[in-house]
Every structure is written in C-alpha cells, then in structure tokens.
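Novice: Residue-level listing of the chains:
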Amino acid sequence: MQMSPATASFESPPIDTVGVEERVARLCSRSIKKDAKLQALHLTLSMIDLTTLEGADSEGKVRQLCAKALQLHAALPDLPHVAAVCVYPALVGVAKRALEGSGINVASVATSFPAGQAPIEIKLLEVRKAVEAGADEVDMVISRGRCLAGDFAYSADEIASVKEACGEAHLKVILETGELGTLDAVRRASDLAMRSGADFIKTSTGKIKPAATMPVVLVMLEAIRDHYLRTGEKIGMKPAGGISTAKDAIRHLVMVRETLGQDWLDPDLYRFGASSLANDVLRQIVKQRSGIYQSFDDFSL
Amino acid sequence: MTNSTPSTGLKAPKLRLGIRDGSDDGWGYAPAPESTDHVELRDRYGLFIDGDFTDAADGRTFETANPATEEKIADVALAGDADVDRAVAAARRAYDEVWSQLAPRERGKYVYRIARVLQERGRELAITESLDGGKPIRESRDVDIPLAAAHFFYYAGWADKLDYAFPGRGARALGVAGQVIPWNFPLLMAAWKIAPAIAAGNTVVLKPAETTPLTALKLAEIIRDAGVPPGVVNIVTGAGETGAAVVQHEDVDKVAFTGSTEVGKLIRRALAGSDKHYTLELGGKAANLVFEDAAVDQAVEGIVNGIFFNQGHVCCAGSRLLVQESVADEVISKLKDRMETLIVGDPLDKNTDIGAINSRAQLDKIEEYLEIGEAEGAEPFQTSCPVPERGYWCRPTLFLQASQSHRVVQEEIFGPVLAVQTFRTVDEGIAMANNTPYGLSGGVWSDKGAKAFRVTSRIRAGVLWANTYNKFDPTAPFGGYKESGIGREGGLAGLHAYLRPEAAA
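Protein sequence lines, in the order shown, are assigned to chains A and P. According to the numbering used here, the stretch in the first sequence is residues 1 to 301, in order. According to the numbering used here, the stretch in the second sequence is residues 1 to 505, in order.
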C-alpha cells in the first residue's frame, strides 16, 4: 500500500454520524425569539454572499444583483449590507465597477468551477485573471476525484498553489461535500484545506445536492475549532447551497455560536452562499418590525 | 503506516473559545418561555380510588411546589393506612369482578385509549411535569411524555397476545400490584409501572413521589375519562409511609419499586418470607468509558447527555467518566467548552438545558457531595452560567482527578455532578467500571466496533450503550445487577414480571 506524504503527516479524528445528527437535532431545538431573532436576521444579511452562477449570467444580470446588494430593501434603509457578491470570473469586472466604494466585496469562483476537472495550469490562470479583474475573494473547488482516490498530496499541493495565485485575495476552498459522501471524508477534506492555506472552507458549489446540510456544517465547524485550538488561526466557514430560509440561517448561527463562539459570528469569519436567502430574511425582518408578513412581490429579485 | 490515535492530537490547548452562556457580549438567546395558558391545575387534588377522586380518610394533605420558584402549586391528599386499604380493596374487587373477566382484546383497547389521550394532551402534561418537577420543557416535551405514551402503546399490543409472548408457559396475571415510583420521571415511571401491569391483566395501586404527584393525578383523570373500569388503577399520593403501606399490604401480590437503593433494601427485607413477587429498580453509578479511538466530539456530547440529562436525576446517569489517558486532556477541555454552552434556569424556557433541582432536600444532598468531593481532594470545575435567585439550582459540575476510593466516585449523587478519572489500558478501564456496588448501566465510546462489543460484554450492568447514552425504548428491558436492583422492566421481560410463571396446562 502506498502512503502519500499528506496522509502520513496528519490524521483526522473519526466522526460518528449518528452522534452528529443527534447534536444537530438538539441545536435545532433552540428557540430564537424577539430581539435575539431580529439581531440574528440582521447578522445573517451581513454574512450573505449574494450569488449568481449560471451559464446564462450576463452583465445586466450581474448589475441587477449588485444593485440589490447595495440596496436590499428600499423600505428599510437601515439594514446592513451583504458581505459580497459572488460571480464567475468573466463578470468580476462588471461587479467590481458596480460595487465600487460600497465596502461590499467581489468574490469569484475559479479553478474550473464547479467540476474542477481542468489542468492545474488553467485553474491557476483563471485564479490570476479573476484577481486581476478585481476579485477580493476567490472560491476554488477541490479535486474531489483525487480526494476520493486517496491522493491527498495532490489536493494539498493544488490548494497551496491556488493560494499563492490568489495573492492578497482571500481563498475559500469548496469541498463539494455532496460528492465526498461521508462525514469522515468531509472532516479529512476540511483539515486538508485548512492546512494547505484556506482562509475559508466552504461546503458546496450549489450545483450538487445535498449541499450545506447541518451535519456537514457541524463537522466543518468542529474542524475549524480544532484547527484554531491547535494553531491559533481562525479559519472562516461558508455554507452554500440549500440555505434558503431565515429559519435555516438562524439555526446555522446557533450552531456557530455553540461550536465556535461569538468570534465567528462575523462576516469576516462566516458567510452564507445563497441566492434566495436574503429575501426571506428581509420578509422576516419586516414581520418582526410590523407584525405582518408581506407578499414576496414586495421584495425585489 | 501511521498508528492509531486518530484523535486531533490536542494537548491541553491554551486557547479558549468565546463560548459562555450568560456573558453579555455578542448574540444571546432571548427568553422563550412555553405558555402555560391552557394548563388547568387545581388548588387541591384528592386520591384516585375506585374510579373517583376522594380526600384522605383523616383529611390530611401535603403541598406540592414548583422547585424553580419555591411556590406552592397545590394541596394534595396524603393517603394513610385506611386509604391504602381502601385502594387495595378496590383493586382486588376490580381484579376479581371485572378486569380478570374481561376479554384480553377489550383490556388492550383501554390501554390503547390511555396511550392516545397521553399523546393528545402531551403539551399540557409536559408543562405540568416541568412545573411540578423542575425538568426542562425540552426534555418533558421530547422525552418523558412521548416515551410514556410509547410504553402504553407497546404494552397495549401485548394485552391479547400473552400466549404468544411466552409460548407454552401460560400467562396468568398476578393480581393486585403495589407500585411505588420516584420523582425523577414522574409520568414516565407511572407508565413503566401501570402499562405492563394492566395490559397483563393485573390491577394496580400506584404511589407517586411526594414532590411530583401532579402528572400521575392527571393520568388518573385520563384513565377515568378513558372509561377504564373503576378500581383497575388506583393512585394514592403521599410520602414514604404511604409507600410502605402499599408495598407491605397483605393483599398485594406484586411489588414494583423504583427508587433509592436504601429504600429498596428495606423493601426487600420487608418482603422476605412473603409470597409477593417483586421487582426493584434502584440506584446506579454508571461508568462512561471513552477510549482513545472514540469520535471525540460525539463522545463529549454523549458525556453531556449522560450526566446532565434531567439535572443528573437519572438512576442510569453516566456519573463516572473514565477517559483513556492519551486523550484525557482533549476530552476534558472540550467537555468544559461544551458545558459552558449549557443554559441553567427556567424549566419552562424552551432553551433551558438544565432545569431546577427537584427539591430542597435533593439540593442539600448534592451540595453536601460537592463539599465531600473537594475535601477528598478531587478538583472541582463548575460552569459560569448565571442561575436564578429563587429556586433550587446546581451548575453543571465536574470533579477532576477523582479517585476510585473517593465517595464522589463510589456513591450515587443524583445531580449534575460528574466524577472524572483516567485509565491507561482497556483492562484497567473495565476493572474501574466494574468496581462499584452498582450495576445498572454504562457507556462505551470507541470507533472500533469489535472493541465496543468486547468491552460492553465485560461490564456487569443491565444496560450498556455504545457510542450513545440514555436511549430508552419500551421494547428494551431495563434493570440492574448488584445493588442496582432485581428484575427487569420494559420489553417482554417487563411483561413477564407481571405474569405468573406456570407451565402450560
């Protein structure tokens, strides 16, 4: 049996799936009401990476999205702004111009998103182009095939080279947990990504189901916590895909609070990758303030 | 090949996480109290004898109070010998004239009916349980009440199938069962006792604990409203003397007791030489063994569930943590962090993890053990969460560096207090787990399946959990070795305890 250097140099702890699910169920039983809820909703908005990742994305679509990022809901001017707008590399420039001076970051997926099945040279070139065009954050995908085949050294090297190509830009590493299959594999990939230079670890591309399930996110949060306890380094977390309601988002915040503590309840360390979450949160905020649910048509796309 | 300590390799991290409930900074949870509007509680409760509520013959009563506020909830009739006589006579008459004459299928219908109404009135019962006993609503709502209903459902199914339950051995009821239950799971213990007894064709006289009589009395209402014939179930409230009158009554055929080992011994002595059948479910001091190959985070969760469930008022609580030395620092550090997220307070708040200690007397006992542990040289750790001013509270507590010779390791505390010890080898862990007068339960944490089976089979306890803790199911027998009791409740074994062992005709 051939052992790659990366597997020999570290071990990830075993994960008990039943136990994880039980812990998640208990976290989901927290009841968040009144002020705590309103606070959580605001926090959620500030953590959103407003995302469009379609083949059909155009400059017009991205400008629309950026306008939404700048003004989430005209009737509520005192809301926090979202953390970032996330687009394909070809549209980074458009987003950058639209968001100039707003404090909202531009994130770009790269490395042959979503499959990642391209030669490393092309992936690195894509990363550099995205950063040149103004991306503040790069969301890369790992080579799941290599990970599943046990070639962790390749994945570690790949992440490290992408990190280098990012320069000043922050690197989020997408594990695509829906393709990894087990929580043990999720934990291993999380550890690998953090040790190879990730600033954030991210669950999914949004193209594969299941995506950001609570058990997967919990395992990743525990990996981040262990990494922090070992190194003092705070790695961020971004669940993406499948979180579409305010209720889901609040459950995530509860999980973060009780696993990592208050420090991670911050857009610098926690993000939601989502396209439809913002409007549900806005609707809940209006409900909390007015007592009445508005029609979805009262919120801009 | 790398060898196998796939723990995260953490050694006593210096860094701490900013997890602290009750700290004012950052995002916290607003109060989320369960509404009590639709729960009707009377000022005064009588004894449930022969299908009716009556006062005690001598008119005596006692108070039941809310341990979270120390406020009185109701006056409850205190049954004396005359009342117990009346209850046993009613049970005997109901057994002779009605219940033993009824087609088993009809008996089953009544038991099913009780189960259904328990579910329908689940929320009301959960709130009552939390008000009267102090346990968090999350547990009474998600554990106590659903499990109580599940016991009635399970045993209802057996009522007309007794001949199939024990083929070739016949199945005759014992007669009148005298049952005494504790205050830690008031309604659930009533269900454990009543459901198999009446499904098997017995009639019962049940005595609930004096600090938590209300849900049993609500169950009496349910039983009456379900049309169960008068006298089949009788509920007499009171303290130790009432319980003694029930178990020693000469016309009682079977005694079922759940409670302390001390009282269990008295009962066994009192029953010696009599022809009464009996089952005793007594104390425990269970070991929760965490091996170096365990999934650490899930093990920590299991340790928390093991000892802090129901304020530690659990006979099968994992009150001794035995952790392998190679992972002890990491496990203990993570356990402390997890404990800091536990919210102690208002039992009716949906976010409360640890409610009120059941009574002043129990709190005194726990506090005495806190002093004993420190005096013995164990190192205490308590979380920093705030607790309300009124009521009976105990923060989740560890005794680190505890030793096998310490009383906090040997004796049942029955509170949120965990004695922590380390071991080096598998054999040593097992030896320490077994070195106790008790033998009710235990837990083993290892990612290696074969090891989990090997270790659990070497621990002398009635219930062993692997990679989980405090899981209950009506189909599973429950009971102890050694000073943890005799006989089993739950499952077929629990049914058997209410039947006469006879060869088939």
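Rather than coming from a laboratory, the hints here were simulated on the basis of the structure. C-beta atoms are modelled at their ideal positions from N, C-alpha and C, and glycine is treated no differently. Hints are supplied without guarantee of correctness; some may be wrong.
What the hints assert, rightly or not - Listed next, the in silico DSS-like pairs over lysine-lysine satisfying Cα-Cα at most 27 Å (straight line):
1. A:K287 to P:K350
2. A:K287 to A:K34
3. A:K247 to P:K350
Claimed, not checked - Ranges of calculated distance between the beta carbons of each label pair, as one might list FRET restraints:
4. P:G449 to A:R97: 55 to 65 Å
5. A:T231 to P:R424: 51 to 61 Å
6. A:D35 to P:G449: 22 to 32 Å
7. P:P437 to A:S29: 34 to 44 Å
8. A:T17 to P:E389: 37 to 47 Å
9. A:S102 to P:G449: 49 to 59 Å
10. A:S29 to P:K72: 37 to 47 Å
11. A:R289 to P:R424: 52 to 62 Å
12. A:S29 to P:R44: 32 to 42 Å
Stated by the list, open to error - Which chain P residues stay away from chain A? Per the calculated CB distances, all over 12 Å, these:
13. A57
14. N351
15. F453
16. N467
Novice: Let me make sure I understand: some of the numbered hints might not hold for this structure. Which ones are they, in numerical order?
Specialist: As far as the earlier hints go, 5, 6, 10, 14 and 16 are violated by this structure, in ascending order.
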